[in-house]
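Peer 1: If you read the sequences in order, they're chains A and B. For the first sequence, the numbering used here gives the first residue as 1, with consecutive numbering after it. For the second sequence, the numbering used here gives the first residue as 282, with consecutive numbering after it.
For the record, the hints were derived by calculation from the structure and aren't laboratory data. Check before you lean on any hint, since a few could be wrong.
Subject to a maximum C-alpha distance of 20 Å in a straight line, what follows is the list of computed SDA-like cross-link-like pairs (lysine to any residue) [what the hints assert, rightly or not]:
id	chain 1	residue 1	chain 2	residue 2
1	A	K280	B	K437
2	A	K279	B	K437
3	A	K280	B	D466
4	A	K279	B	L442
5	B	K437	A	L235
6	A	K279	B	A441
7	A	K279	B	F389
8	A	K280	B	A441
9	B	K301	B	S339
10	A	K280	B	K417
11	B	K417	A	C162
12	A	K279	A	N225
13	B	K437	A	V226
14	A	K280	B	S339
All figures in this text were calculated on a predicted structure; none of them were measured in a lab.
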Amino acid sequence: MELWYSLVELLPFEWAEPGGMYFMKNALLAVLVISPLFGILSTMVVHSRMSFFSDALGHSAFTGMAIGAICGFSEPTWAAVIFSIFFALLFNLVRRRTHLASDTVIGVFSSTAVALGIFLSTLGGRSFTKFNNLLIGDILSVEPGKIGLLAVILFLAVVLWCLSFNQLMLSAVHPALADSRGIQVFWQEAMFSVAVAVVVTLSMTWVGLLVINSLLVLPAAAARNVARNMTQYHLISFVGAVVAGFAGLMTSYYIDASAGSAITLYLAVWFFLSFLFRKKG
Amino acid sequence: MRKIKHGKMTGGCEDSCCLKLEGLNVRLEGEEILEEVSFHLHCGEIVALIGPNGAGKSSLFRCILGQMPYSGSITFAPAGEPAVRLADGAVTGGARPLVGYVPQSPSFDRGDPVSVLDFFTAATARWPVWLPVPRKYRERAAACLERVHGADLLDKAMGALSGGQLQRVLLALALEPVPHILILDEPLSGVDIEGEHQLLEMLDELRTEYDLSIFLSTHDFATLGQFADKVVLLNHRVLKVGTPDEVLSSPEFYQTFHLRVGRGGEG
């Protein structure tokens, strides 16, 4: 962290001056770890049409938090991670076994998770207000330990992308074709949804449940407007996420608003810009 | 590429590579999908699979691909060594047949940022395609596409291909590595007459060049006689196997489709 602090002090911002505003410096580092993570995962979420699935995962993470809080864990995040992994795997299993369309199954899971979360968190006349910060998120409250954890997750995501992106992409395009080339489609899908589950749950506290899905959809949605191959697609999604993350944090600092929502609004602008310059034909 | 070339089959199956399906049964959720399906598929042969919708054509393909559990046996015998693929997908003895598969209509959005090169590399190499694709994979993909006269498609987006072009890309993929058996699921649907003609010509070229068995399903009975060496009429069980003329003019064909196409057919 010392190294990071001395690096940040080179930046020409008033909060970057030595000896103070550590929360802002932490937040910047956290944004620079979270936004590439979302930029990368986003490509596959959009490519395999899982936008609503990741939304449902956010809801399940909230339910997990409520369960964790009821069990009296000091760190309900871990209960939430376990619950959302379970949720992701169960969803994959149900989707495989039923003839219902994916979005229907997602609807069932999403509403069940939200209902269970609200039911548990208000059980026994408890107040819901302490969960409000989960809905909005607060990037300024991030601690160095958590940033380290997110950095490990980012590293694992890049490893996953190196090892199994090809298989994931083929599974999304044509499961039967992927299968005929020896790819275990079910496990590929399960692994990817577990990865999304872990990332969504761990970053929810800082980004906020209400906007977290936009970070998983908008970067790649914007990239799709202009990219012609996979390399461009990843590059544009990645750059969009990081630039919007940085700009969003700055905006929220100087005009005092929620960082998660500011980042999302920058991504929305990015999307409409790319829409104006979209590829033809 | 394989060394042995048998040319077009004339004699029995002893002297050629042969995929034998014997007494194949598939039950799914209490419903009989395939019953006692038996026939042979020889190298260098183009065999057409016909039957009404829901006759079990795709299920039969999936059995051969090892994607569906079945009872009975599917054996492949190159040079007299029997290879047995068990219901759980395991293979015992002999060499396992390599099956190339050209699926029916894969879903590509027009806006999908997947180039033909991305798609090809993803399916044939470990190199993650979100990084720029190195030259050696590019050259290999170009060489594979050349087999189907499609090297110019390399940098096109998958979503921008016409039905016939998409099929050529999928065919090139199914031929890498060159399989023993090539399966095509309804390759003639969604392709115009020109594309159909090109495809059939290409298949004929491929079976002579690589000596492979080609097994395809189709609803286009009128062209069967032009390309198929053998036709299998399937409706849960094998109703008739023979040359296109034999099958099209058989009473079994008439009973299944209430249609006369073969010799002596009167509408």
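Peer 1: Against each hint, give a clear statement of whether it holds in the structure.
Peer 2: Okay, the hints, checked on the actual structure:
A C-alpha spacing of about 13 Å is found between A:K280 and B:K437, which places the hinted pair at or below 20 Å, so the restraint holds. At most 20 Å may separate the alpha-carbon atoms for a hinted pair to count; A:K279 and B:K437 meet this at roughly 13 Å. For the given pair, A:K280 sits about 32 Å from B:D466 by alpha-carbon distance, which is inconsistent with the 20 Å threshold. At roughly 15 Å between alpha-carbon atoms, A:K279 and B:L442 fall within 20 Å of each other, so this suggested pair holds.
Taking the CA atoms of B:K437 and A:L235, the gap is near 19 Å; set against the 20 Å cutoff, the hint holds. Between A:K279 and B:A441, the direct Cα distance comes to roughly 12 Å. Compliance with the 20 Å bound is thereby established for this hinted pair. Of the supplied pair hints, the one linking A:K279 and B:F389 holds, its CA atoms being roughly 16 Å apart against a limit of 20 Å. Restraint check for A:K280 and B:A441: the C-alpha separation of about 11 Å stays at or below 20 Å, so the hint holds.
For the suggested pair B:K301 and B:S339, the alpha carbons sit about 18 Å apart, so the restraint of at most 20 Å is met. For the hint pairing A:K280 with B:K417, the CA-to-CA distance comes to about 30 Å; that exceeds 20 Å, so the pair is violated. For the hint pairing B:K417 with A:C162, the CA-to-CA distance comes to about 18 Å; that is within 20 Å, so the pair holds. Between A:K279 and A:N225, the direct Cα distance comes to roughly 6 Å. Compliance with the 20 Å bound is thereby established for this hinted pair.
Restraint check: the Cα-Cα separation between B:K437 and A:V226 comes to about 14 Å, which is no more than 20 Å; the hinted pair holds. With a C-alpha separation of about 37 Å, the suggested pair A:K280 and B:S339 falls outside the 20 Å cut-off, and the hint is violated.
Violation of the numbered hints given earlier is confined to hints 3, 10, 14; the remaining hints are satisfied by the structure.
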